[in-house]
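Just so you know, the protein sequences line up as chains Z and V, in that order.
Taking our numbering, the leading residue of the first sequence gets 1, the next gets one more, and so forth.
Taking our numbering, the leading residue of the second sequence gets 1001, the next gets one more, and so forth.
Think of the hints as simulated: they come from the structure by calculation, not from any bench.
Relax, there's no trap hidden among the hints.
To be clear about the criterion: a stretch of chain V counts as covered by chain Z if any three or more of its residues have a C-beta under 8 Å from a C-beta of chain Z, and this derived list gives those stretches:
#, segment
1, 1020 to 1031
2, 1049 to 1060
3, 1083 to 1091
4, 1191 to 1202
5, 1205 to 1213
The C-beta atom is built at its ideal place from N, Cα and C for all residues, glycine as well.
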Amino acid sequence: MVATTEVIHQRPESFTDVHTHYCPGCTHGTAHRLVAEVIDEMGLREQTIGVAPVGCSVFAYRYFKMDFVEAAHGRAPAMATGIKRVLPKSTVFTYQGDGDLASIGMAEIMHAAGRGENITVIFINNAIYGMTGGQMAPTTLAGMKTTSSPFGRDVEMAGYPLRMAEILSTLDGAGYVVRRSLHDAANIRKAKKAIRLAFETQQRELGFSMVELLSSCPTNWKLSPQDALDFVAEQMTPVFPLGDYKVNPALESLKV
Amino acid sequence: MAKELLKGNHAFAEAAIRAGVEAFYGYPITPSTEFLEYMARRLPSLGRAFVQAESEVAAINMVYGAACTGKRVMTASSSPGISLMMEGISYIAGTEVPAVVVNVMRGGPGLGNIAPSQGDYYQMIKGGGHGDYFPIVLAPASVQEAVDYIGLAFDLADKYRAIVHVIVDGNMGQMMEPAELPPMREISETAPDWAVRGAKGREPNILTSIYIDPVDEEVTNLRLLKRWKEIEKNEVIYKEYELDDAEILVIGFGTSGRVASSAVREARENGIKAGLLRPITLAPFPTQRLLELTDQVKRILVVEMNSGMMLDDVMKIVKGKVPVEFYGRMGGVTPLPDEVFDEIRRVSQNTGPGAEDPRDEWIPRLEKIIAGDK
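Just chain V, with the same shape it has in the complex (with noise of 0.2 Å):
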């Protein structure tokens, strides 16, 4: 199939149409909303479910009614949608049921505003929800990857039964660009033998997240935990850029990786042996291929568009054999690959020890930019 220019959260719900999903529960919220616009044309005509559910609280419980039965199911939304959402997430991965959950977020915390931002890698990656459980993030940084992974989304959901976010911002979910969309899969009929379709020639099937004796939720917790190193083992997936003789390491997901590419290659135009390593999985984390890095590289600089949450999960792995140094804008502010090209430079001319919190010598540098911003 050929590439048409498609608007970011148009391809991603189209995406998710041939990948099969039989129903779309949501709630409008920018900058995500399009995506609901999309599925309420196109979902009627296919004889797929659609409702606008009257808040992500509904939209989520529509989901998880629907994954029980083990068709695909999904919702889109935007980081406070999601935070609603929260509830029903702990459920589906309490009941051990798929569904995919894309995160179009936006700056925060509170009403924020509609400007792009991964302020919810903690909420997204660290589960957001109660309890322990592990949810899959995939981060893609352009439409087409997003159009790709999105199938890939459902197949793990599907794989594990388990929750998939799908983490994009709001520059990826109103952006147009060229993207090639995958061909229409067929929806299987058969049902997985837990979903519950009516009971029919066989015992009844019971969906539910309630283990009333401790020891039995032990055993639960127990089970998603050994499938979340299963998946650690098999899932993890991370692209890289110019890494092969880099000396600096930059690790950037989704936009700001994007950001960060752009930025290495001026680098390297400037004679700077920059690389890097963009993870699609945020969760599984890319652990072991940033391991062998740090025996490579002489310094890291994340980056970042929130405080700094993907860098503490760097600095647990790289545990100070490398400095590692950031630079993040936060509440909806994307940096510009200048921002981050005269960041590389820097950090290629520095050959301090590093701060025990790289944060502490990024504050002050934000800040001057902000003035000059302003």
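Excised from the complex, chain Z in its bound form (with noise of 0.2 Å):
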């Protein structure tokens, strides 16, 4: 009898064989592996460029097997639109966290959607800034304690959490701006689905895609990684709440 075996589960082949250098229980890992998986599956290893932020993803590029670039804080929009203007038949992405893309990137993250770039933003929304050592970001919740809003984000005078999918999704060069969240199983695959639709919304060029990451900081919020989803769960969900904001219909009737 000759024994076989059947792999079930592998690295993406869109992924390098290395490990990362993110915080245990951090929910970037899954992100990444969730685009990977997606690039994968829709065969665009191969003319993929990726653009990698400022913040705790900035070494993007040493984990997705593919070329990359590293933009200037906030500029990854920007980036992604002199690449894409030259080379229409690649396939660009870029991967930004909430104070890169809904604060100091404001301006190129509106306009490039606002031009309809066939481009798609990976957002991860953690409501902090992670790589600087927790910060108050623009999408901290009212009340919430970090680092630079030691007594919690007075909203009288810090002002309130930008929901960023919602104000992207008023534009009319979004094509597919949704929001989804990393904190358990069923979601996580909704998550993929929702990528690989933005990925679907840029191959069928119909504008600008993003997919909103609720995402979680462990080690920032200064909780236990399953503390830290569950917080994900019940404080950020009702703050950002998960759904569709923005679909093209020519992508509705797409079974992924």
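Both chains are sitting in their own frames, so use the hints and assemble them into the complex.
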């Protein structure tokens, strides 16, 4: 009898064979993997150019096995625009955190979406600046303690969290804008489907696509990994409701 | 090809197109706006990329992105816009990708005005952005010269994977004068081996300016420095006029150099042995030629449209061997040939030792001129 091995699970081809630098319990690894799996499934690896941000995922290019560039803080959508316009047949995506996308890079993300750039944005919203050690982000919840809002975010002084998916969905250039969460297996599956649809949007030249992913930061939130995931489910989803905010009708019939 | 009457900004843009620029990303700002307008009309019909960005910050980061694909890309702006671009310029330098930036300089600091100035000398020549890097800086003095050197700017950018600045001022951007455009160059379809265009059948290319280990950054800094030393050795360009028997050396670049050449001609007509050195590459500076001339001439007059920025570089090279004097107009004021001629005549009659800082003697003279002007 000949023994046969059936591979049911392996590293995506779009992943390099290295360990990440992310903290235990961080959802960046999950988000990375979903993107890599989608790129594998769509056969896009050899035509994809990724744009890494400044923030915890600054080294994203180490983990994706594809051409990558590294943007200045917040400028990934501009850099992606510059690339996509000279290589319109390539697949270009940015991977950005909330400080990068919703604070310093607000102009770049708004106008990339407004122009309907055929790029895909993976937006990691963990309500905090992770890389610099836990400062208040534009998405930090009201009352949430960070190192720069040590008494809790006082909305009288520091304003309110920004809902980027909702804001960007108002723009005519946006083809696909949704919010998903990475706090449990069911939501992770939904997140992957959304990432697939975002890349399908780009392949079909239907305009700007973004998937906002509610993510956890156990280290800077000072919570255990499981408590951090519970925090996403219980505290973040009421402020950042999951859902489809803009879906080009051409995508509605698409089965992925 | 025959000469045509061309507006500076239009001619520079067309020269870039003929040099094979495949993308222009910019933001409107006086006095460089016609550059962007020309590209907006011309590039789409050629199947090349044009985006009016939301800001100069975004524009230069679009340039950065396209530069990473190894395609010829540029932007054009004016002083305050260039300040905003300094972030991206530093990243481009740090990532070692080629790009061309044209600065049509205007009066400053701050919002300043829209009149021609050379007040960005330090910003352009000394780097301007953060970190250790060395931009190549070309300073043409006429529409024709700018047309000629914009093609070279792209060649140098590609050759050294470096940022190349072409600095002109509002005079040159706005004026119309006859110029002959070069023929259209073929665009190379071959990607440089470092470029990101999708990792088809090869290992991925990663383009970044991050070197988290200080030693790696130091190695990068050293590579940039050694490349700069090569550039200094190979790429110095300057023009000279009436220098063979000159006793008074006038040094000026761009518009002030061009005005100075008229003044030198007038000085010669008046029997004054003046000559002109006009650097085309401000970086690398024509240090060797200036050193030779220092042994020949009796006095040096530096003419600029700023407070004496190139003056500092000249003083560093001359090292007090010859008295150096300065004549500058600032704030968007262009000196007239007669003003510079008066200065040459004054300098030719001055046998004093020269001030430690030539600005000290210039300031009261300028104050008198301003008082008389107003």
